[in-house]
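Student: Sequence:
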Amino acid sequence: MLLMDIITWEPKDSLKVAEFYANYEYPKGIKVIDEWTDLTGYRTFIIYETEDEKTYATSVFPFMGLCRFETFPVMKLDKFMQLAQKLAEKAGGKRPGAEQGEGGKASEEIIEQIDNLEKRIERLEHHSFIQQEDVT
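Numbering of the sequence shown is given in this note's numbering, commencing with residue 184 and proceeding in unit increments.
Note that these hints are calculated values from the structure, not bench results.
All figures in this text were calculated on a predicted structure; none of them were measured in a lab.
From the three backbone atoms N, C-alpha and C, an ideal C-beta is built for every residue, glycine too.
Some clues are possibly wrong.
[As the list claims (entries may be wrong)] When the alpha-carbon atoms are kept at most 25 Å apart in a straight line, the in silico BS3-like pairs for lysine-lysine are as follows:
{"id": "1", "residue 1": "K199", "residue 2": "K211"}
{"id": "2", "residue 1": "K269", "residue 2": "K237"}
{"id": "3", "residue 1": "K259", "residue 2": "K273"}
{"id": "4", "residue 1": "K259", "residue 2": "K214"}
{"id": "5", "residue 1": "K262", "residue 2": "K273"}
{"id": "6", "residue 1": "K214", "residue 2": "K237"}
{"id": "7", "residue 1": "K211", "residue 2": "K259"}
{"id": "8", "residue 1": "K211", "residue 2": "K195"}
{"id": "9", "residue 1": "K214", "residue 2": "K273"}
{"id": "10", "residue 1": "K269", "residue 2": "K259"}
[What the hints assert, rightly or not] Here are the in silico distance ranges between beta carbons for each label pair:
{"id": "11", "residue 1": "R303", "residue 2": "T223", "range": "20 to 30 Å"}
{"id": "12", "residue 1": "E305", "residue 2": "L266", "range": "29 to 39 Å"}
{"id": "13", "residue 1": "N299", "residue 2": "S197", "range": "43 to 53 Å"}
{"id": "14", "residue 1": "E305", "residue 2": "A271", "range": "20 to 30 Å"}
{"id": "15", "residue 1": "G248", "residue 2": "D298", "range": "45 to 55 Å"}
Starting from the given sequences, assemble the full structure and let the hints guide the process.
Tutor: Shown next as structure tokens:
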């Protein structure tokens with residue numbers, strides 16, 4: 184599974200984090216895809232693949248108390264779009280959320296209301312534009 188970590192720390196801990204990270208080796212089972220640092224300060228981004236939650240826990244445990252981790256499961260956009268297309272086809276071409284029972288029905292109704300409001304706003308803007316042209 185691909186994960187992305189956003190790791191932050193307090194400015195006062197920057198030297199400790201740098202020293203610790205310079206000597207840190209990822210545990211077996213973590214395949215780092217890429218790492219970035221925020222040039223404006225105190226934040227690192229890492230995308231990696233892990234075998235399981237135990238491996239993940241082993242990788243972050245040494246930093247606990249020094250850094251804060253926000254971890255997100257991620258997927259390449261093209262792969263996600265293919266998955267979304269398959270799910271939409273499975274749901275009969277309906278919008279995302281439509282296959283989720285009552286919650287999906289409510290979502291579908293909200294999306295339809297938003298679409299109707301957007302159309303109404305477009306008509307009002309068009310009407311307002313025409314009125315403005317007539318006045319000048």
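Student: If a hint holds in the structure, say so; if it doesn't, say that too.
Tutor: Each hint tested on the structure:
1. Taking the CA atoms of K199 and K211, the gap is near 24 Å; set against the 25 Å cutoff, the hint holds.
2. For a cut-off of 25 Å, the pair hint linking K269 to K237 is broken: about 31 Å separates their Cα positions.
3. Proposed proximity of K259 and K273 is supported: the alpha carbons are some 21 Å apart, at most 25 Å.
4. For the hint linking K259 to K214, the alpha-carbon distance of about 16 Å falls within 25 Å, and the restraint holds.
5. Taking the CA atoms of K262 and K273, the gap is about 17 Å. The hint holds against a cut of 25 Å.
6. Annotation: proposed proximity of K214 to K237 holds, straight-line Cα distance about 14 Å (limit 25 Å).
7. Taking the CA atoms of K211 and K259, the gap is about 24 Å. The hint holds against a cut of 25 Å.
8. Pair hint K211 plus K195 does not hold up; C-alpha atoms about 31 Å apart against a cutoff of 25 Å.
9. The hinted pair formed by K214 and K273 fails the criterion: a straight-line CA distance of about 33 Å is larger than 25 Å.
10. Under the criterion of a C-alpha separation no larger than 25 Å, the hint pairing K269 with K259 is consistent with the structure, at around 16 Å.
11. Checked against the hint of 20 to 30 Å, the pair R303 and T223 fails, with Cβ atoms roughly 42 Å apart.
12. Restraint check, E305 to L266: a C-beta distance of roughly 32 Å satisfies the suggested window 29 to 39 Å.
13. Between N299 and S197 the CB atoms are about 52 Å apart, so this pair conforms to the stated range of 43 to 53 Å.
14. A hinted range of 20 to 30 Å holds for the C-beta pair E305 and A271, which are about 26 Å apart.
15. A hinted range of 45 to 55 Å holds for the C-beta pair G248 and D298, which are about 49 Å apart.
In the structure shown, a violation is registered for the earlier hints numbered 2, 8, 9 and 11, in ascending order.
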